[in-house]
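Protein chains: 2
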Amino acid sequence: MRVLVTGAAGMLGSRLVKRLLEQGVAGRAVTAMDLFDAFPCTPSDAPGVEIRTFQGDIADLEICEHLAASKPDFVFHLASIVSGEAETNFHLGYRVNLQGGLALLEGLRAHGNRPRFVFSSSGAVFGGPVPDLIDDDFAPTPLTSYGSQKLIVEALVQDYTRKGFIDGVSIRLPAICIRPGKPNKAASGFYSGIIREPLNGVEAVVPVSRDIVHSSASPRSAVGFLIHAAEIDSDRIGHRRSLNMPGVFCTVGEQIEAMARVAGPQYLRLLRDEIDPAIERIVSTWPKGYRATRAKDLGFTAEANFDEIIRIYIEEEMPDGLPPVSNR
Amino acid sequence: MRVLVTGAAGMLGSRLVKRLLEQGVAGRAVTAMDLFDAFPCTPSDAPGVEIRTFQGDIADLEICEHLAASKPDFVFHLASIVSGEAETNFHLGYRVNLQGGLALLEGLRAHGNRPRFVFSSSGAVFGGPVPDLIDDDFAPTPLTSYGSQKLIVEALVQDYTRKGFIDGVSIRLPAICIRPGKPNKAASGFYSGIIREPLNGVEAVVPVSRDIVHSSASPRSAVGFLIHAAEIDSDRIGHRRSLNMPGVFCTVGEQIEAMARVAGPQYLRLLRDEIDPAIERIVSTWPKGYRATRAKDLGFTAEANFDEIIRIYIEEEMPDGLPPVSNR
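In order, the protein sequences belong to chains A and B.
Going by this note's numbering, the first residue of the first sequence is number 1028, and it counts up by one from there.
Going by this note's numbering, the first residue of the second sequence is number 1028, and it counts up by one from there.
Be aware that one or more of the hints could be misleading.
Identical copies carry no separate label here, and so any pair may be met within one copy or between two of them.
Stated by the list, open to error - Subject to a maximum C-alpha distance of 25 Å in a straight line, what follows is the list of computed DSS-like cross-link-like pairs (lysine-lysine):
| id | residue 1 | residue 2 |
| --- | --- | --- |
| 1 | Lys1212 | Lys1190 |
| 2 | Lys1315 | Lys1190 |
| 3 | Lys1098 | Lys1190 |
| 4 | Lys1190 | Lys1045 |
| 5 | Lys1045 | Lys1209 |
| 6 | Lys1098 | Lys1315 |
Hints are computed from structural coordinates only; laboratory data are not their basis.
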């Protein structure tokens, strides 16, 4: 069974690839995998699995047609310019996020095998004013180019599904916490940084008011959402192909309190509040949380609280445990 | 003051051009007008107004850049493949309705003067199940390619407006009744045909159940919506740039009763019920009506009832009055 993953070199993409190689999808083992990214992919060895890597421009229709011609059974489309960068580089954001999605769908329409197509969308499709808990019928009105591009590809996924060219599902991810590694250009990056940096003994800036509410899930849950979206029965989804994912609904302040509970109060001293108006402006337009009624009915699950999200980070990313931080 | 109209040869486009030449827009006279269409435009003479006509492919970026370089103050983007045709010719629908809108917006981003941009969208952005009266926050989930393409261009209009490249408004038109002339390939065409044909002494088929509810407005109101959308103050619109237009909310049966009231019961004999499953499937997914709260607050108005819509048709399109129809 063949799987195509775009954005396979990314934080979620690489974890998704690892998990797919370990557990397969829909009860079947992966026997062939095509990994696409703008950056080099370095998948782990998987004996008996044919792995091909492609580096290029997702908006290049020729590459997409080539990928589609292998007739993948499952496509995970994660390739994307992140929110902050799509905001500063308008042309690049539209090229990768809109024309890239369109090229991939056109490739599959021309050469594909009507694969299950899982699109990694985002809560950024919503823009304020929004209710505190957005229900499944609430209209998306993005306030970023990134959110607009995600919304447009969702509309394409729905129409290409309706026409029978793919069998698509778009999942609107909450903020993914705690991202390992270096900060990226996503405006939501600080949600991870304000926990990750202190846990690693590094100072961090809280760039927004601590009472900003948001919804988040661990990278482990996000990979779980993607795989579950590939496995649920098409008839159960119905014709509305975009799903708001569940997540932990809390304030930035509550996130920080969870860190003090899980790791200890000494980490709090590594945080400094300094509002960044550009970041605050972007994230203040994002939704706080979703009811995610349809997603929960379809079996999508996230963590129960932020403490759990922090424990997953320590377990997965800090094999040597927490570094000592002075109590003074 | 310069105006660009795309789709200027169409039913609404040609009426819009005529009205703009007569009354101007936003209190100013039109001194220059660029008319674009895939078909030839034959505007009426307007002394003192520089009128240029362009025939071509709206998805051709070079043409769009040329049109934008004249720095129109107002752009009315009506060019579109209609719903029925976009459903049967997938590639053409996406080329004209999506890539065409994108090319025009890209032209204006590169060369334009941040014009007020009025986009003629449609209630086809909604797809069932929907509430009987859709409110302004209800999520669009189209069930046609046409509706998907309109939704995508709405998202572009909103983002290009937010970024300051245009000052855009998208108006979601109800069914336009009564369209004069020959039937077109719009799935909504019969809403006009079942009145227009009998009034002209011709038999017509009612291709859907008479209890189907829909929302409609006259071509006169639709042109009024377009011009009003060009004139309202940008600050009053806010960042949500798509507006559900008001209309007359009635069943197909009530439309027919209105015809009997306004023109006489003898016209009823020219109607024959014969369900067309393809048309019924498309229109049954469309919304029945909108609350249109925001649009009404912003001063958009439609007819009060279907009788009025029929009287406007007779007044505008039948200067010699109704032809005699036997009472037997």
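Evaluation of the provided hints:
1. In the homo-oligomer, the alpha carbons of Lys1212 and Lys1190 lie at most 25 Å apart only across protomers (19 Å), although the nearest pairing inside one protomer, at 36 Å, exceeds that limit.
2. In the homo-oligomer, the alpha carbons of Lys1315 and Lys1190 lie at most 25 Å apart only across protomers (24 Å), although the nearest pairing inside one protomer, at 34 Å, exceeds that limit.
3. Proximity of Lys1098 and Lys1190 under a CA criterion of 25 Å is satisfied intra-copy only: 18 Å inside one chain copy versus 39 Å between copies.
4. In this assembly of identical chains, the alpha carbons of Lys1190 and Lys1045 never lie at most 25 Å apart, being 32 Å within a copy and 39 Å across copies at closest.
5. In this homomeric assembly, Lys1045 and Lys1209 come within 25 Å of each other (Cα to Cα) only inside a single copy, at 20 Å, whereas the closest approach across copies is 60 Å.
6. In this homomeric assembly, Lys1098 and Lys1315 never come within 25 Å of each other (Cα to Cα): the closest approach is 39 Å inside a single copy and 41 Å across copies.
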